[in-house]
Amino acid sequence: MFRFSEIKKSFLVALWLMFLTFPIMVIRVNTIYKTIEWRWERMFMVGIGAFFLSFLWRYLHKKKEAGEKKAEEAGTLPLAQRLIKNRQFSIPAAIGLGIFIIAFPFIFSMYQTNIMTTALIYVVVGLGLNIVVGLAGLLDLGYVAFYAVGAYSYALLNHHFGLGFWAALPIGATFAFLFGVILGFPVLRLRGDYLAIVTLGFGEIIRLILENWNAFSFGPSGIANIPRPGFFGMDLSLSQSITYVYFLMIGMAIFTIFVVKRLQDSRLGRAWIALREDEVACQAMGIDKTRTKLSAFALGATWAGIGGVVFAAKTTFINPASFTIWESIIILCIVVLGGMGSVLGVIFGALVLILLPEYLRAFSEYRMLIFGATLVTMMVFRPGGIITDVRKTYKFKGLKDKQPTV
Amino acid sequence: MLEVKNIQTYYGNIQAIKGISLEISEGEIITLIGANGAGKTTTLMSISGIVPPKFGDILFMGEPLQELSPNQIVALGISQVPEGRRIFPYLTVMENLDMGAFLRNDTDEIQKDLEYIFDLFPILAERRHQSGGTLSGGEQQMLAVARALMARPRLLLLDEPSLGLAPLIVKQIFKIIRKINQENKTTIFLVEQNANLALQVAHRGYVMENGRITLSDTSQNLLANEDVKKAYLGI
Ligand SMILES: Nc1ncnc2c1ncn2[C@@H]1O[C@H](COP(=O)(O)OP(=O)(O)O)[C@@H](O)[C@H]1O
Ligand SMILES: [Mg+2]
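Chains A and S supply the protein sequences, listed in that same order.
When we follow this note's numbering, the leftmost residue of the first sequence carries the number 1, and every step to the right adds one.
When we follow this note's numbering, the leftmost residue of the second sequence carries the number 407, and every step to the right adds one.
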């Protein structure tokens, strides 16, 4: 492992990183005394650190590749799938998880419950985007627009007509669906990168409209005093209300998982997967390309709308700043990191990506750095996501017993 | 059954088909042979509506096709086996076959067709739970044909089924093509570069060059034609 070429590689990495981090690590401008501090010792720390880390990195990478080869030869399923298949493990685990979920708001603080509810909203929204990106393979970077449509539907309907949460929920979902159809129709002719750019544009347009059309959306100041979900007309205290929203989200997440699973195994779901794999073949099978894509786009949007309504009800205040491109990217990261097309993966992705930054608050300014490093590391070591969709891990078995000429 | 009248097809500004006409009667096997880039695939794509022609008419059972979308054309009974097989690698054999029957709702009849297909291609029955991508080239071609048959087509469009396959497998596939034609009375339009084999199974043939049809005759006559011999049969 300590061959000269390896040392050279690490040396170059160290040099490069030293150069790259020079402005932030070495130079400090003292604005009061108008002097510049040169912290050279930090540059050497970066260099030495990078040198050894790059060794470790490559060692782990090699180990991972060797591990993959072994798994392929043995024909074993990924760990997560094996655990699920194993009844002795999965039944007690499911019961334990159920108890944990129910007990959560009573064990942990209101703050923790609130964070968990946020994570659950992202589970629902992530599962929605998973239909669009994971199953149908349409890269949608403006997904947050539909989230905004849901949130503003509730906020505005409540503001103007006094509509309650439960009435607004289906309306918000319907609006998001309609927006999905309206936006999807012109853009779904495009493919891949073009689609991504146009959806990104649409997302920004919606946000800019919300920001600038004061008469309609109250502009950047947003809408406050949005009521929390009602519980059969009872008055709930704040902590009761938070617990209630938490259980509501648990229920909604389970409902979403159920529906998405059903969709995935339906004929429509199969058409989405087929369309992702080969458009020409799909057309030759008589699959209506536009309609199938549109259905994925609009159904995905529906879940964003539902998530948006709950988001507005939970935070009681919304403004356009909650619906930036960053939000779309986070949701996309949830899907990609969790494992495209895999329901369990998306759930994990949402929990990790939403809870991690929260619990990293202790590291304050390094929070985003750690977050970014985690993402990069994840994608290098598990490019298929935390839990890879079983469909995408087909094994080449049964090939040995055939003539190699075929 | 199918009448193609003077169609011209473009990819953007590039004209791939420069006015061709052909005719296929019910129950026939017709072949279209030609070199690489002659426009054979484009001809099939024009018929199936995936790349609709800019000018000209296509009539299927008297009905004009050029205004219809690909899924409507499949619904009328035209199924295409695309060039390079294009099976769905991540779907299982069964799921691939199910995609072939996408537009059908007659569950009982689908089941019957499935049995018939497993009869035609016993290897697919063996591999039914395997993902398409793990099949060998020959099996994938069989799956592609089987998948198209699941739509229960009246006209089957085959694009170079021999492409990249070992001679033995090609022979097997051509035998099945003939069988499908004889047993089901399925009309077959076969596009091939392997002119020799194609002309042996087909009743009639068309020769295509640079987006135009240069010859059309019965298979025997084409096999005996000096130009065809020189250009496509390598004799
Ligand atoms: N997608 C495409 N875009 C642009 N030109 C194409 C495309 N497909 C085929 N062509 C061109 O159209 C002509 C005919 O191609 P094709 O129908 O594939 O021929 P064949 O099937 O006989 O080999 C060729 O000159 C080819 O370069
Ligand atoms: Mg071709």
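Since the hints were made in silico from the structure, they are not lab data.
All C-beta atoms, glycine included, are put in the ideal place defined by N, C-alpha and C.
One should not assume that every hint holds.
[Unchecked claim] Pulled a few chain S residues facing chain A out of the computed Cβ check, cut under 7 Å:
{"id": "1", "residue": "Lys424"}
{"id": "2", "residue": "Leu428"}
{"id": "3", "residue": "Pro476"}
{"id": "4", "residue": "Val480"}
{"id": "5", "residue": "Leu482"}
{"id": "6", "residue": "Pro488"}
{"id": "7", "residue": "Phe494"}
{"id": "8", "residue": "Gly506"}
{"id": "9", "residue": "Phe508"}
{"id": "10", "residue": "Leu509"}
{"id": "11", "residue": "Asn511"}
{"id": "12", "residue": "Thr513"}
[Unchecked claim] The calculated label-pair distances, taken between Cβ atoms and stated as ranges, are:
{"id": "13", "chain 1": "S", "residue 1": "Pro573", "chain 2": "A", "residue 2": "Leu97", "range": "28 to 38 Å"}
{"id": "14", "chain 1": "S", "residue 1": "Gln517", "chain 2": "A", "residue 2": "Ile84", "range": "30 to 40 Å"}
{"id": "15", "chain 1": "S", "residue 1": "Ala441", "chain 2": "A", "residue 2": "Lys63", "range": "30 to 40 Å"}
{"id": "16", "chain 1": "S", "residue 1": "Ala441", "chain 2": "A", "residue 2": "Phe255", "range": "56 to 66 Å"}
{"id": "17", "chain 1": "A", "residue 1": "Ile197", "chain 2": "S", "residue 2": "Gly570", "range": "29 to 39 Å"}
[As the list claims (entries may be wrong)] Computed far set for chain S versus chain A, every beta-carbon distance over 10 Å:
{"id": "18", "residue": "Lys411"}
{"id": "19", "residue": "Glu473"}
{"id": "20", "residue": "Ser475"}
{"id": "21", "residue": "Asn477"}
{"id": "22", "residue": "Ser485"}
{"id": "23", "residue": "Arg492"}
{"id": "24", "residue": "Tyr496"}
{"id": "25", "residue": "Ala557"}
{"id": "26", "residue": "Asn590"}
Verification of the supplied hints:
1. Lys424: violated, 23 Å
2. Leu428: Check failed: Cβ of S:Leu428 comes no nearer than 20 Å to chain A, outside 7 Å.
3. Pro476: Holds: closest Cβ of chain A sits about 4 Å from S:Pro476, inside 7 Å.
4. Val480: holds, 3 Å
5. Leu482: violated, 10 Å
6. Pro488: Holds: closest Cβ of chain A sits about 5 Å from S:Pro488, inside 7 Å.
7. Phe494: Status holds, d = 5 Å.
8. Gly506: Cβ of S:Gly506 sits 6 Å from chain A, so the hint holds.
9. Phe508: The hint holds - S:Phe508 has a Cβ within 7 Å of chain A, the shortest such distance being about 5 Å.
10. Leu509: holds, 4 Å
11. Asn511: violated, 10 Å
12. Thr513: violated, 12 Å
13. S:Pro573 to A:Leu97: 28 to 38 Å: violated, 58 Å
14. S:Gln517 to A:Ile84: 30 to 40 Å: The hint (30 to 40 Å, Cβ to Cβ) holds, given that S:Gln517 and A:Ile84 are roughly 31 Å apart.
15. S:Ala441 to A:Lys63: 30 to 40 Å: violated, 51 Å
16. S:Ala441 to A:Phe255: 56 to 66 Å: holds, 58 Å
17. A:Ile197 to S:Gly570: 29 to 39 Å: This hint holds: roughly 36 Å between Cβ atoms.
18. Lys411: For S:Lys411, whose nearest Cβ neighbour in chain A is about 23 Å away, the distance exceeds 10 Å, so it holds.
19. Glu473: Holds: least Cβ distance 15 Å, greater than 10 Å.
20. Ser475: violated, 7 Å
21. Asn477: At about 4 Å from chain A, S:Asn477 fails to clear the 10 Å cut-off, so the statement is violated.
22. Ser485: violated, 7 Å
23. Arg492: violated, 4 Å
24. Tyr496: Contrary to the label, S:Tyr496 does not stay out of reach of chain A, its closest Cβ about 5 Å off (not over 10 Å).
25. Ala557: violated, 6 Å
26. Asn590: holds, 19 Å
This entry does not satisfy hints 1, 2, 5, 11, 12, 13, 15, 20, 21, 22, 23, 24, 25, going by the numbered hints stated previously.
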